[in-house]
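Peer 1: Below are the chains, spelled out letter by letter.
Number of protein chains: 2
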Amino acid sequence: MMDVKKILSEYSKRFDGPIDEFLPPEKPDNLMKATVQYPQAGGKRMRPAMVLAAAGAVGGNKDKAMPLAVAIEYIHNFTLIHDDYMDGDEKRRGMTTIHVKYGGPTAILAGDALFARAFEVIAQLDVPDGVVRDVLKVVTRAVWDLARGQQMDVNNENGEEVTMDEYIETIRLKTSVLFAAGAAGGAMIGGADKRTVDAVHEYAMLLGVAFQMFDDVLGLVGDPVKLGKSVGNDVRKGKSTVMVTHALKNIKNENIMREFRSVLGKMDATEEDIRKARKIMEDAGSVDFAIEMATDYTKRAIKKLDVLKDSDDKEFMIALAEFAMKRDV
Amino acid sequence: MMDVKKILSEYSKRFDGPIDEFLPPEKPDNLMKATVQYPQAGGKRMRPAMVLAAAGAVGGNKDKAMPLAVAIEYIHNFTLIHDDYMDGDEKRRGMTTIHVKYGGPTAILAGDALFARAFEVIAQLDVPDGVVRDVLKVVTRAVWDLARGQQMDVNNENGEEVTMDEYIETIRLKTSVLFAAGAAGGAMIGGADKRTVDAVHEYAMLLGVAFQMFDDVLGLVGDPVKLGKSVGNDVRKGKSTVMVTHALKNIKNENIMREFRSVLGKMDATEEDIRKARKIMEDAGSVDFAIEMATDYTKRAIKKLDVLKDSDDKEFMIALAEFAMKRDV
Numbered sequence: 001m002m003d004v005k006k007i008l009s010e011y012s013k014r015f016d017g018p019i020d021e022f023l024p025p026e027k028p029d030n031l032m033k034a035t036v037q038y039p040q041a042g043g044k045r046m047r048p049a050m051v052l053a054a055a056g057a058v059g060g061n062k063d064k065a066m067p068l069a070v071a072i073e074y075i076h077n078f079t080l081i082h083d084d085y086m087d088g089d090e091k092r093r094g095m096t097t098i099h100v101k102y103g104g105p106t107a108i109l110a111g112d113a114l115f116a117r118a119f120e121v122i123a124q125l126d127v128p129d130g131v132v133r134d135v136l137k138v139v140t141r142a143v144w145d146l147a148r149g150q151q152m153d154v155n156n157e158n159g160e161e162v163t164m165d166e167y168i169e170t171i172r173l174k175t176s177v178l179f180a181a182g183a184a185g186g187a188m189i190g191g192a193d194k195r196t197v198d199a200v201h202e203y204a205m206l207l208g209v210a211f212q213m214f215d216d217v218l219g220l221v222g223d224p225v226k227l228g229k230s231v232g233n234d235v236r237k238g239k240s241t242v243m244v245t246h247a248l249k250n251i252k253n254e255n256i257m258r259e260f261r262s263v264l265g266k267m268d269a270t271e272e273d274i275r276k277a278r279k280i281m282e283d284a285g286s287v288d289f290a291i292e293m294a295t296d297y298t299k300r301a302i303k304k305l306d307v308l309k310d311s312d313d314k315e316f317m318i319a320l321a322e323f324a325m326k327r328d329v
Numbered sequence: 001m002m003d004v005k006k007i008l009s010e011y012s013k014r015f016d017g018p019i020d021e022f023l024p025p026e027k028p029d030n031l032m033k034a035t036v037q038y039p040q041a042g043g044k045r046m047r048p049a050m051v052l053a054a055a056g057a058v059g060g061n062k063d064k065a066m067p068l069a070v071a072i073e074y075i076h077n078f079t080l081i082h083d084d085y086m087d088g089d090e091k092r093r094g095m096t097t098i099h100v101k102y103g104g105p106t107a108i109l110a111g112d113a114l115f116a117r118a119f120e121v122i123a124q125l126d127v128p129d130g131v132v133r134d135v136l137k138v139v140t141r142a143v144w145d146l147a148r149g150q151q152m153d154v155n156n157e158n159g160e161e162v163t164m165d166e167y168i169e170t171i172r173l174k175t176s177v178l179f180a181a182g183a184a185g186g187a188m189i190g191g192a193d194k195r196t197v198d199a200v201h202e203y204a205m206l207l208g209v210a211f212q213m214f215d216d217v218l219g220l221v222g223d224p225v226k227l228g229k230s231v232g233n234d235v236r237k238g239k240s241t242v243m244v245t246h247a248l249k250n251i252k253n254e255n256i257m258r259e260f261r262s263v264l265g266k267m268d269a270t271e272e273d274i275r276k277a278r279k280i281m282e283d284a285g286s287v288d289f290a291i292e293m294a295t296d297y298t299k300r301a302i303k304k305l306d307v308l309k310d311s312d313d314k315e316f317m318i319a320l321a322e323f324a325m326k327r328d329v
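These protein sequence lines are chains S and V, in that order.
In this text, residue positions in the first sequence follow our numbering: the first is 1, and each later residue adds one.
In this text, residue positions in the second sequence follow our numbering: the first is 1, and each later residue adds one.
Everything hinted at is true.
Put simply, identical chains are the same to the list, so a pair is met inside one copy or across any two.
Below, a list of computed lysine to aspartate or glutamate pairs in the EDC-like style, where the Cα atoms sit at most 16 Å apart:
1) Lys27 - Asp165
2) Lys27 - Glu169
3) Lys326 - Asp223
4) Lys194 - Asp306
5) Lys27 - Glu166
6) Lys27 - Glu160
7) Lys249 - Glu282
8) Lys13 - Asp63
9) Lys249 - Asp165
Rather than coming from a laboratory, the hints here were simulated on the basis of the structure.
Whenever a hint applies, use it, and build me the whole structure from the sequences.
Peer 2: Following this line, the structure appears as structure tokens:
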């Protein structure tokens, strides 16, 4: 069994240099500081690792995929800056968020600047021009979808109750498409044929859904200390996660349903309230249901990799999918 | 003498179809409505007109440049959406701005979505892959610079006094680079050699500076009715325009200087205050100085076009530069 955390951490170190290199300081200072803060801060950096692994797994040169890896991480960070501002979040990875530190306008501009730089970096890829165009198509489509997904999430949090299918579509747009664009782009740069690119693209799409679903589970039943954040916030926001949607459909007892609904969307719900809501969802089988569903997505993701020859990179991609389900953070 | 307004209006109609075509409706509805509002509303559409004219002026096929024209207009509109939000502006072209109508989060996301779509459209250009890469490079750099310029403007309005050179650099970044990227991109698509692309690029860069400088003049001495907005707001914001910087350097009388400084940056300055400040700048020769400077930029812009053969498109580009100085709106 591969040590995914260790490999991710090795990859992460490998990105430090290029992430700085493609963002040399310019004027004005405050914008530059705001722009580099999230990329330099690290985090799991799963998305860029996926780009390099995909390039390697199809038999390509990983170094050639490095600029795309950096670009995908910039795009991820640009969306975090904008999302943190619109969600009013004050902390990210232990740091003060950009809009709190530099003001809302600078948060918007730092996001825009990172976004622009991501595509400037893609334009510099040392691959045939046709590959640049193909990468551009899949990545631009992903960013368009990210905006749609975030808007659906905003609408959802504003109290619109959504079906399970709609929720999964939101996850797909908010999380999967960027994983998928990175993996597909890595495979393109690695010289894969269309069938292989499509398989890798679908692998990452399914993995992204599994990852986010399990993230929702952790956000309810995880360890707040390990997670570095309080649990139950999705319940407070009244978010239609798989668990919530399942519970609303499967709770038969009227009193329990009334109790559940009284906590759902209650922004100032106490820890005791959250414990109750969690117990109700566990009893209704909603947590198990979400874990089973995420596991199914993981299996389908791994199955897509059958088109690839065996390699360390393929093994890492499989392990990464399994990691999505076994982690505690 | 060409009727620039008439030609711009003909171009503008030509863009209506493609602007809609590249933004077919998807989900969610509120994001889509927010995304199409500015592009569909029109405005002068000078930037996309410049793209087609540049493609034609170098002997190329204008139709092939249409997707870039649309992309440049989307980028312009994305920056307007974000700028309006950060500036807190409530009206644009007589319409309610996006953040007021749909909320701040949707304004951020609609800008991001338009930005992404712009590059998706560039990826679809019917030109050799190498040209797509070259266009991508110049346009991504422009968007990076736009963010820098807007941040400088934000810093400037926050009371940092800047030199004239710094102010012109801000204008160059905020206004010129997108004109220039559009013109250069149009020339690339039209098949121009590097020397011609560079000349067209510089033409538009100089024209952009002249345009914004004259805009500042109109914002002080223009007709509020024709402009559709009140005058003197740059003075209220304490913005270091060419006129203000010139006046601060050239007013010799201490009492007049004190009076001028008392209005500068006074957000609630009355119309009478503004009239006084304007008179002081006129007496100091600051308004004439700004007009002369803008005229000089216009002349230098037109001179750059010497590399082009005579054509209607070249004539339009010259007329557009002259229009920058002769307009009353």
